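Protein chains: 4
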Amino acid sequence: MLIVMDSRADAAAVRRVIETVEQMGLKATPIPGAQRVAIGITGNRGTVDPTGLENLPGVLEIIPVSAPYKLVSRETKNERSVVRIGGVEIGGERLVVGAGPCAVESEEQTLEIARRVKAAGAVLFRGGAYKPRTSPYSFQGLGLAGLKILAKARAETGLPIVTEVLDTETAEEVAEYADCLQVGARNMQNFSLLKKVGRLKRPVLLKRGMSATIEEFLLSAEYILAEGNYDVVLCERGVRTFADHTRNTLDLSAIPAVQRISHLPIMADPSHGTGKRHKVLPLSRAAVAVGADGLLIEVHHKPETALSDGPQALLPEQFADLMNQIRALSIVMGRSA
Amino acid sequence: MLIVMDSRADAAAVRRVIETVEQMGLKATPIPGAQRVAIGITGNRGTVDPTGLENLPGVLEIIPVSAPYKLVSRETKNERSVVRIGGVEIGGERLVVGAGPCAVESEEQTLEIARRVKAAGAVLFRGGAYKPRTSPYSFQGLGLAGLKILAKARAETGLPIVTEVLDTETAEEVAEYADCLQVGARNMQNFSLLKKVGRLKRPVLLKRGMSATIEEFLLSAEYILAEGNYDVVLCERGVRTFADHTRNTLDLSAIPAVQRISHLPIMADPSHGTGKRHKVLPLSRAAVAVGADGLLIEVHHKPETALSDGPQALLPEQFADLMNQIRALSIVMGRSA
Amino acid sequence: MLIVMDSRADAAAVRRVIETVEQMGLKATPIPGAQRVAIGITGNRGTVDPTGLENLPGVLEIIPVSAPYKLVSRETKNERSVVRIGGVEIGGERLVVGAGPCAVESEEQTLEIARRVKAAGAVLFRGGAYKPRTSPYSFQGLGLAGLKILAKARAETGLPIVTEVLDTETAEEVAEYADCLQVGARNMQNFSLLKKVGRLKRPVLLKRGMSATIEEFLLSAEYILAEGNYDVVLCERGVRTFADHTRNTLDLSAIPAVQRISHLPIMADPSHGTGKRHKVLPLSRAAVAVGADGLLIEVHHKPETALSDGPQALLPEQFADLMNQIRALSIVMGRSA
Amino acid sequence: MLIVMDSRADAAAVRRVIETVEQMGLKATPIPGAQRVAIGITGNRGTVDPTGLENLPGVLEIIPVSAPYKLVSRETKNERSVVRIGGVEIGGERLVVGAGPCAVESEEQTLEIARRVKAAGAVLFRGGAYKPRTSPYSFQGLGLAGLKILAKARAETGLPIVTEVLDTETAEEVAEYADCLQVGARNMQNFSLLKKVGRLKRPVLLKRGMSATIEEFLLSAEYILAEGNYDVVLCERGVRTFADHTRNTLDLSAIPAVQRISHLPIMADPSHGTGKRHKVLPLSRAAVAVGADGLLIEVHHKPETALSDGPQALLPEQFADLMNQIRALSIVMGRSA
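Protein sequence lines correspond, in order, to chains F, Z, X and Y.
Counting in my numbering, the first sequence runs without a single skipped number right up to 343 at its last residue.
Counting in my numbering, the second sequence runs without a single skipped number right up to 343 at its last residue.
Counting in my numbering, the third sequence runs without a single skipped number right up to 343 at its last residue.
Counting in my numbering, the fourth sequence runs without a single skipped number right up to 343 at its last residue.
Simulated from the structure, these hints should not be mistaken for laboratory data.
From a predicted model like this one, the values you see are computed outputs, not experimental measurements.
Heads up, some of the hints might be wrong.
A pair counts as met if it fits within one copy or between any two copies, since identical chains are not told apart.
Stated by the list, open to error - For lysine-lysine, the following DSS-like pairs were computed, each having C-alpha atoms within a straight-line distance of at most 30 Å: (1) Lys308 - Lys33; (2) Lys201 - Lys154; (3) Lys154 - Lys76; (4) Lys154 - Lys83; (5) Lys83 - Lys158; (6) Lys154 - Lys33.
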């Protein structure tokens, strides 16, 4: 941490800051400059929060220096992690594509889509049984019945299941049926839920919150690792900006940014990241080219009557076309798909 | 809902859209223009989601028209609601100020601050026993022990208690001790928690999420009302933008915006809304002048050693000054404080 | 400037950074911490740009420390500046209200509105002769003819004129007629224009750009002062965010933020800051309460047929009501209006 | 345009809106719904601005329907345009890469970099002679001397020159030396400059503003076409968001979004779009994969001493690696590079 002093601060003000820092058990190193003094603070093991120093007389600004995450960091573990969902490895050589409907609506719908995405080359099946919906009057998901349908889809296709967990109360139930627990963007800072999935023995797919910085995103992952669950896959799914031509702004730079700091694998979700069917294909290609470890794609065979997120779902034949394009790109990227 | 057709769409494309709409049980009214045709859709009672129509050939755009909220709307109940927390009315003639530390740290700290804010004129006491923290290594709150300290503070000062509820599991415990359950910004779209507090018999203070539109904010309130709990107070606490001179950007226009659409009372939180002690006073004045029904202010007698959010806490004497300024403004606004 | 090293950087990497810094003629102070080394850099008088050091091996991050502005800073001149437009002082005891139509449309329209806003208490008259319009097909202003109409309005009412200057070519023409040159939000980083108005002998009203940080805003003002023109008034007029209930998000925290760093006066423009007539009054009150030195308000006697920005213009009688409310608030704020 | 009425609006309010619309010479079509009435407005040829109707009693909201651009739209010209810069076609089969330093610093530096980027496969040379800089104390470019150096670089390498034009006064001078006039992000809504380059006989590269919507971006291009210059290339270069791990957020979805609406070619600038050297390569790949017609890349052989934007410049050998990766991707995309 660095304390920047006002250029008008006198020696007494500087002295007072140094003394206060030392009373907190930390070490202060003054750096006198032409215009102003800065004071480096070291020795903090996370037990003291010195940001309150900002209000001492003569202090202009406090600048944090150390990154607050530990277990997720490449400074702790340099080699990239591979997470296994069912038999599928994320973060390895193979580009992993998970696909399926936004919501489980019925057994027929789910099985039909599962067959189609498997045929096209998906290796994970995604679909929501518990659905977070902006409005209380929207379809909230089939719940336990939906989980059972997902299990049937797995039994028939062999595809491991990724499905969302909404709260601590139903987390264990979801973990019974799912191969991977998805924590959605709206719950990225639901810390009770993060701790809960950290204690369950299931890989977790953690989506970036709509207004989360990379630091906040990694700290949410840190919550899960800190409880003992190291099988975390991150997912960029678009952030909220002023731009109105897509539902969210897919921030593909987050992928190399995360990979530079963290050893955890990271996927992209161009379906939610754009919210528009005709942008899913180009942004999927871009996500592969930027270096994502995988994609999550929404597919529906009758999107105009889907109970949620119809506008962004691909038709099965569009998904097959996407898989073909992705495969060709993967080879250039030194991967298979 | 309005469907806007591409100017190059032919009569067959228009006909197909109209037929699809009618098959969904809705009514389609074509509006031929000089450049293009638009199609008004009516008769939807919320059971059908026609946004998937966006992908039909010749469709340029789909524009939603009806607001999706009902119970929170002034179209449903025109007169403004008054919510009672303990004996304190929010939304009435009196401007309500709640104050206290970010976190309950100890009995001494809590009681000392409670006495000081009461002496200065606060009518609600706020403080966190369960704390949502970005990092798993930050102080997470005293939990049940903190709730008991809050109850002591109420016993001694008579101030009703507002404290945060983090998850469905501890919600009932919090409701036993608190006069008002705060749902924080990070949980604004934790729909399981919203449903839970909707079923408890306690007023709820719902904070706006960091990237929530007014529509999403009101729909989250709608979740609580839809479960039968009509005692909801909204709170603007700053949104996330590119601006870096404050921790969040306090969006004061949200207050008249909410008041125009909804009958629910709305407060402002200039402490989180700015994250900087020296901006709390001016933004508090602004919040009163814009028409907020109340303020939530963080106060700490030793902010430089506070376990959380020290940089934004006012000293008790600064809070007393704030109360004096607020009182003078309230009179001009036709209120008391 | 502070260089933060990766925790895995070895002594050789640290040494190489220090040597490179010293070769640039700067001084390097290493600050060894428990986890990593940071290196303070001092002695830079603005002639060297060391941000390229970020790419040296072992460097994690570069953190700028010194603020790059000088003439606008309170570190240079602590007492707040007062700028005179015609006979009107901005930044003094009096709260200054400038009002008028978005665009000069005709002599009748302009004079009628000028009389009405003067009667209500405005002390500056605003109106655009050259208009920046998003679309080339929108009304672009009357140009020189508009400037002459503004001069007539001044002759009749005595109100000094504030009007926008769009480019270097017409700047002198505008300066002949206007008492104050407005540089609009879209031109805040039109540096050729900033230099040009810096060389003209007219006060400048500089509006904050739609996505400008406070630092960028002040640096744009610095361009004008650096050319010798110290008569600069700043104006907060809303920034662009995801929020869609207003046209822009009026960032009132910018006002105390600017006042803390700079001696220049600052006004607020709630008309553009909200873009909605029914939000102008509450946000005007808030701007006064937060400490703005003045307000700019759009007024039109026939807003439904205005050639630009009709939705945000107040009717003259609404403006009179606003003036009454503002006056009452000003007294509480220790000002007159 | 669609007018949405409040559900409480009575028949008289609806009638008054219809009458006002008809007095403006437009046609009103009421669409009665279950909850509320909407009124479609047609017949507007851009001469009337009906947004002021928002303030009539009973009106809830006004929703614009028609896109305001014409010449840039695929509704006007469906086949994609190809723009020639020197002998280089943008928007054709070939993926076009322009490269060079941020600023022309000296003849040696410029020629050295020009040779290196040509050798690696760039077909356009970019570099600034007039530089827009946030601070007045930063290097402002060599001006005319810089243009002459660029001309030498062209003479030696044969690469057409893309360089920025900052204002109307120097536009003709720049047009004498440059093959393509770049309008920077900060000038995207400098409408005087747009009109000026619209009258010059040189292709224009228009960069998206930092907070511009796609509609605003295309309307700025429309200004240029409306003056008679159809040779416009668009460029996505990142927008401003809360995200702080890159200097800007490169919004790659803008590329398919523009291509869907407009026939103009569009490039991407991953150097400014990320501001970080180590993110230029992955985001360049992503831009190609999303379908961009070309890339603009900053290259410097001594980035640690560059006079501007050193942190984002690639070394010549890194650029050569980028070209190799881009070429492989182009083939998959059905293009050459």
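Do the hints match the structure? See the list:
1. Lys308 - Lys33: between (64 Å within a copy, 21 Å between copies)
2. Lys201 - Lys154: both (25 Å within a copy, 24 Å between copies)
3. Lys154 - Lys76: Result: close neither inside a copy nor across copies, 38 Å intra and 34 Å inter.
4. Lys154 - Lys83: neither (38 Å within a copy, 42 Å between copies)
5. Lys83 - Lys158: Neither: 38 Å inside a copy, 47 Å across copies.
6. Lys154 - Lys33: neither (58 Å within a copy, 37 Å between copies)
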